[in-house]
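Chain order of the listed sequences is A and B.
Just so you know, we're using our numbering here: the first sequence kicks off at 1 and counts up by one.
Just so you know, we're using our numbering here: the second sequence kicks off at 1 and counts up by one.
The hints are simulated quantities; they were obtained by calculation from the structure and are not laboratory data.
Note that this is a predicted model, so its numbers are computed, not measured.
Yeah, the Cβ is synthetic: ideal placement off N, Cα and C, and Gly gets one too.
Any given hint might turn out to be false.
Claimed, not checked - Pairwise CB distance ranges, derived in the manner of DEER restraints: (1) B:Q89 x A:E398: 54 to 64 Å; (2) A:K377 x B:A336: 50 to 60 Å; (3) A:G191 x B:H63: 31 to 41 Å; (4) A:P332 x B:G44: 51 to 61 Å.
There are 2 protein chains.
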Amino acid sequence: MRDFLPDDVRRREYVIGIIKRVYERYGFEPLETPAVENIETLLGKYGEEGNQLIFKILKRGEHEGTGQADLALRYDLTVPLARVVAQYQSKLPRMFKRYQIQPVWRADRPARGRFREFYQCDVDSLGSTSAAVEAELCAAMSDALMELGFNDFVIRINHRELLTAILTRAGVAAHQQNDALIALDKLDKVGPQGVDGELANRGIEEQARNALLQVFLRDANEADGLTRVAAFVGGDETGQRAVANLQAIVGLTAQTNAAGKVRFDPSLARGLSYYTGAIMEINVADLAGSLGGGGRYDNLVGMFLGQDIPACGFSLGLERILVVMNERNMFPPTLATTPADVMIATFDASGAGAAMGVAATLRQAGLRVLVFPDAEKIGKQIKYADSRGIPFVALLGEDEIKAGTVTVKNLSAQTQATYDQSAAGAAILEGLKRRG
Amino acid sequence: MRDFLPDDVRRREYVIGIIKRVYERYGFEPLETPAVENIETLLGKYGEEGNQLIFKILKRGEHEGTGQADLALRYDLTVPLARVVAQYQSKLPRMFKRYQIQPVWRADRPARGRFREFYQCDVDSLGSTSAAVEAELCAAMSDALMELGFNDFVIRINHRELLTAILTRAGVAAHQQNDALIALDKLDKVGPQGVDGELANRGIEEQARNALLQVFLRDANEADGLTRVAAFVGGDETGQRAVANLQAIVGLTAQTNAAGKVRFDPSLARGLSYYTGAIMEINVADLAGSLGGGGRYDNLVGMFLGQDIPACGFSLGLERILVVMNERNMFPPTLATTPADVMIATFDASGAGAAMGVAATLRQAGLRVLVFPDAEKIGKQIKYADSRGIPFVALLGEDEIKAGTVTVKNLSAQTQATYDQSAAGAAILEGLKRRG
């Protein structure tokens, strides 16, 4: 787990700020849940591997010695949402659209862009099965990424029920379909031969393997894979309903900023088991793994409520977005990297009171002001301001204090001028504007 | 631990936003540390009671069965800061001023404004022993509280070394001084007789008890308690140095927004053991307990670094601030309480594509837009918008879609008008402005 020093925090806050504003323009409302959940809420929701990766908290007090855990750290933001929807059903609107930007914890082996504590930026729409829900999620993701400066992303889309129909049509028995999906999900990583080997290991017959690889090995330039796959699943009713759903979603996104970004990909499977309908994932060329992903999960809330509520969500991976933005140098030059706009320096301890007063005046003008706290040699103080990248130093000597003035030094231009203390703020703001 | 539904999050974000801006005007930079620390980092830093209240995390994998804990949840923001300063010393400036606004966890019994997960808003200055540091902290707290709308707070101030001098002068032996402080800290809660009894229980002689109560029982209208206490400690050098330090701090704050808010209180002790100099606490009349507190702790970083770095900090209690602001109704009416400015309603499913396009246009204009996802009866859709407090509904019927227009309904004024789709955004913004 990592510490975030000031420049890291500023970059993260910049990205979170943009994502929040976009989510709010789509009518999503903020929700926050505690870092800690009852352990039963989390266990069994993320598969066997997930159970292993949950951080578990020891019982307190006299029970501590038993070594038992009753609480656990949040593992994602979707299961807590399902709990909240079940718990506050009467206080929440019939169609609840929420965003949630909070850290989650997984006892995973760290890797590039993967940490044991990381932020998720989730949006979820509950209460409707309409294709407009998926389309709006794609549009919101596109808006967020485009406002961050991404233009080269692709939103891959597929459908869980279409996958089932393909597998059935290819002759994979129902009890082998999960295994087959796990193997097929690795197509990008291990290639067709690797997948074929893994399918064989999992006991899938040769004929079925060949049929599957033919469907999943799309031509990158294929204009309309969906039509081809629809033909493959033929008269399978569930499959055709899934095809129609995907067509509706893609059609609706054409009216939004996601136009041209959404691409059908029959090999997209997504790891989590709770998806029931459309699934989506965002990729850019220079990052293995995705910038985010999501899908429809109409049964998860039912695990808490005893009554299903349709739901569809999307999660952006903040750390991965930051990795790519850092590498591509995508942060605006206006993002603050200094602790202050101006530092106040005094010649001796008797100037401290005047420094407080001038600092208050400059802050009132909207400036970020650092008061150098000790009466060190003035040259040393100016050097300190320079080393911190602070562009202006306001000097308070005996003359200035007597006259109610302040001498403002522009460190990069190496110029200085003396102002009335009440006028110095405007002069510094003007100087900052000229520096751009 | 609590969930924060949308209105709760908005109120908290409002308060955090103001506090952040004020901290940044004082040259504090943002820092964030992980929720989880190594257990050794935390144990032994908060006293025996603190150790009990730390949430401990089970070892993972094969060690899980041992019941041993190797990690723990952050208990405050000061100890992680000390760790960071020791760990990144070469990357941090000589005088590091940071703010940190993150949740901490304590396995405490919940009470009004006290929770097991709560946010702290900390500012700390490292690297200087100047009284200007304390004065600026008082000024920053005052600015933050005043911008939030508080005007009736008092910043009580005292000094750990002055307390020691008073106890010594009263005849309390060195090994009894901690006990005496714990008893005296309850003066506000249990009154002078209660404190006297507790002092007696802890073996403090009657003469010392009488002397102590005389010093600590200040007259509420006393103009200059510091002079009286300074006279009591007499020639004690440490005591007189503490008095001079307090005078310097109070004198400097007179030049800031904290003028008149800072009041010497000899009975202020503060619980934490790591304080070494000035200590401060903020109170308002309608809250038992404080809105925040802090002080100087010149030795804590040394516990991690092996070399002392002077430090002084202040922590605002976000949950208590929120409790009082909710009770006093201090939130601005402009704070959003609705999911959207406008909701788009369509008459049937064929309008969904047009709805996406109009939503994109309205969002581009800066509006928060909800698209009603299902083709329910139009009256039902409008009712839904009204129930959510959404002020405008944009209707897209067959005629509107054909003509490239949209009919905008103002739900409170019960008026409606039809606009070109490209002009509707400006009209709705104008309508929102008129509503105020």
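* Can you list which hints this structure breaks, lowest number first? -> Hints 1, 4 are the ones this structure does not satisfy, whereas the remaining hints hold.
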